[in-house]
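**Q** Here the protein sequences line up with chains A and U, keeping their order.
No gaps in the numbering here: position 74 of the first sequence is 74 in this note's numbering, and each next residue is one more.
For this note's numbering, add 1000 to where a residue sits in the second sequence, where the first one is 1.
Among the clues, some could well be false.
As the list claims (entries may be wrong) - Calculated Cβ distances over 10 angstroms to all of chain A for the following chain U residues: (1) 1137; (2) 1174; (3) 1199.
Unchecked claim - Computed footprint of chain U on chain A, listed as stretches where at least three residues anywhere in the stretch have a Cβ under 8 angstroms from a Cβ of chain U: (4) 31 to 39; (5) 101 to 110.
It should be emphasised that the hints constitute simulated quantities derived from the structure, not laboratory data.
Beta carbons: idealized from backbone N, C-alpha and C, even for Gly.
Chain by chain, the residues run as shown.
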Amino acid sequence: MSIALDTSRISRARSRAAARRHVVAGGLIAALVLAFAAALYLGDYPVPADGVIRSLFSPLTGLTDRGIDFIVLQVRLPRAVLALLSGTAFALAGIIFQTLLRNPLASPDIIGIAHGASAAAVFSIIILGWSGLSVSLGAFAGAVLTALAIYLLAWRNGVTAYRVVLIGIGMAAMLAAIISYLFTRARLNEVQQAMAWLVGSLNASRPGDIVVLGGAMLVLVPAMIALLRGLDAMELGDDTARALGARVEINRLGLMLVAVGFAAFATAAVGPVGFVAFVSGPLARALLKGAGRGFLHAGLVGALVMLVSDLLAQHLLPDTQLPVGVVTGACGALFLLWLLMASGRSGRVN
Amino acid sequence: MTAPVSDRGRKAARLGLGLLLLAMALVAIALLSLTTGARAIPAETVWRALTAYDPASTEHRIIWDLRLPRTIVGLLVGAALGLAGAVLQGATRNPLADPSILGINAGAALAVVLGVAFFGLTQLSTYVWLAFIGAGAAMLVVYAVASLGREGATPVKLALAGAAITAVLQSVINAILLTSPRTLDEVRFWQVGSLAGRSIDIVLQVAPFLLAGAVLALATARLLDGLSMGDDVARALGQRIGLSRGLAGLAAVILAGAATAAAGPIAFVGLTVPHVARAVTGPGYRWILPYSMVMAPILLLGADVVGRVISPPGEVQVGIVTAFIGAPFFIALVRRRKLAAL
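Please model the entire structure based on the sequences and the hints provided.
**A** Written as structure tokens, this is what we have:
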């Protein structure tokens, strides 16, 4: 009796999983659209909703109002777009690392890559006296060099997850010491400037950042999707994957490079905004409840977290604008608490 | 179990002699710490300053007001960090346990930052209690997070939980420092980890805690030996596991909290020294603990002396020097082998 029945059961389960994926993706996209609209609408200077819409289409319609257009097109739109892009990039970097290293705590802001970017940026601000785009370049170089150093130091007849994690943590501690040393070597205003960069913020978003980060993602996202095909085999363990013909080391190296690229470009654009990389993957998987690995869903979650955090940072307190990193840091604390309680119930992490 | 008694006696004599030699090395490095600095002071002048103090002499005043407190703080903090690291490694059976890796330093730092920002503390001596509370709370949370899951607190999970909690605490610290330049200015010289500018008041204030912590830590040696056989064996031998871990953890928090309060967060001393001690003594905390207690101040004072002469006319703080010695050691340790639980 059973073969026909079994295949129908499997196909039913598959279509249920697919339906869940689509529902979650649809819900996330709807929430993103709402948050994006709110980001364009809310602000110190009141702009009516029809003014926002007219302003958005003014390049097509030619109906301009210089004051409103400046606020909507030059201030709010770039900020929201940058939040969207950087949130997605952080989240993808995070979920790639968490998947490859098989640990929900192993995101790039924990295992040293963000520290590399930070140390390089603080060095360029305090010692070299740089500002603006050159600091971003320094941070990018710092992130890539740190990732490379971690990978090389962890290499010993191949790379194992626990070596990458632990060596990353060791590097992070050393880089943190460098940062505190540089802090004692500078004038207070330079330290404050470096501190503002370290917290991470969208307050000083520049059009150039959007172009660079957007261009990088146009390359990195397709590369990630191509490399993900080999991941199913890798999750069965290195030996099984090799037996199945997957080129484990090359595939893993490629994915890590892509993840480092996401983290480095995003950090260069907005600073090391904490915990977006850390929370997005696990949140996406919790929403999917086992229906898929959720890489693209994690990207959507990251964009949403970043956008909503920035809205909160701008409007939570009546007369101060917090940097977005303060709000995401609080999210990280809440998330750890949630992880604690959730796994207290189920008896396992992840 | 046929090891002849004379063999064990010989081993004890050998290790006792080694401890004596290390103590002499410690005296030598303390003397070096008194003589070295922006102004080199010869040993006989140091001796005269200590035995026949002459207030009119600048050199004598440098010795009494600057170098002597600094050296004593280095001795106390070093001993405390070495012991704290050894006790933590024993209690968690984790070769990577260290106050900085486990988030204890970040907890102390957040408490101090809160105190400076919201209660207007400016005296180093008032930091002590805050540092204690922060250190203890952070350690409890880290251990709780790492113990999640079926396999319990493995080395990797402890290190990751410590790093994650450190990241959370650091982002709170950053937020406060960003909004309060006064706190930033106050705290940035403490947060780097340094022995410079510590007065004798600090010594007097933290010494009782360090003493109590050291006694408690040394008293846990037998318990740690029991734990090192594994929970099941230790339980079968009649040891109360939870109580043993709790006592050892209390000792570590007192020691690490007091050391951090006095010198600021200093990384990696507590990590590296117990490994070197264990390589000399073999397993057995009855020897590892005293060896760690004597070796750690040698490392700390040595690093402090190096920091004083490495970039004249300025100084590199001791926390930076130990990080640059300790991080490569940590990485080498991770690379060497699979991290078997201790």
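**Q** Take the hints in turn and mark each one as holding or not.
**A** Results of checking the hints against the structure:
At roughly 13 angstroms from the closest C-beta of chain A, the C-beta of residue 1137 of chain U stays outside 10 angstroms, upholding its exclusion from the interface. Distance check for residue 1174 of chain U against chain A: the nearest CB is about 5 angstroms away, which does not clear 10 angstroms, and the non-interface claim fails. Under the 10 angstroms C-beta cut-off, the non-interface status given to residue 1199 of chain U relative to chain A holds; the minimum distance is some 19 angstroms. With 0 residues carrying a beta carbon less than 8 angstroms from a beta carbon of chain U, the segment 31 to 39 of chain A misses the three-residue requirement, and the given coverage is violated.
Using a Cβ-Cβ cut-off of 8 angstroms, 5 residues of the segment 101 to 110 of chain A lie near chain U, which meets the minimum of three, so the contact claim holds.
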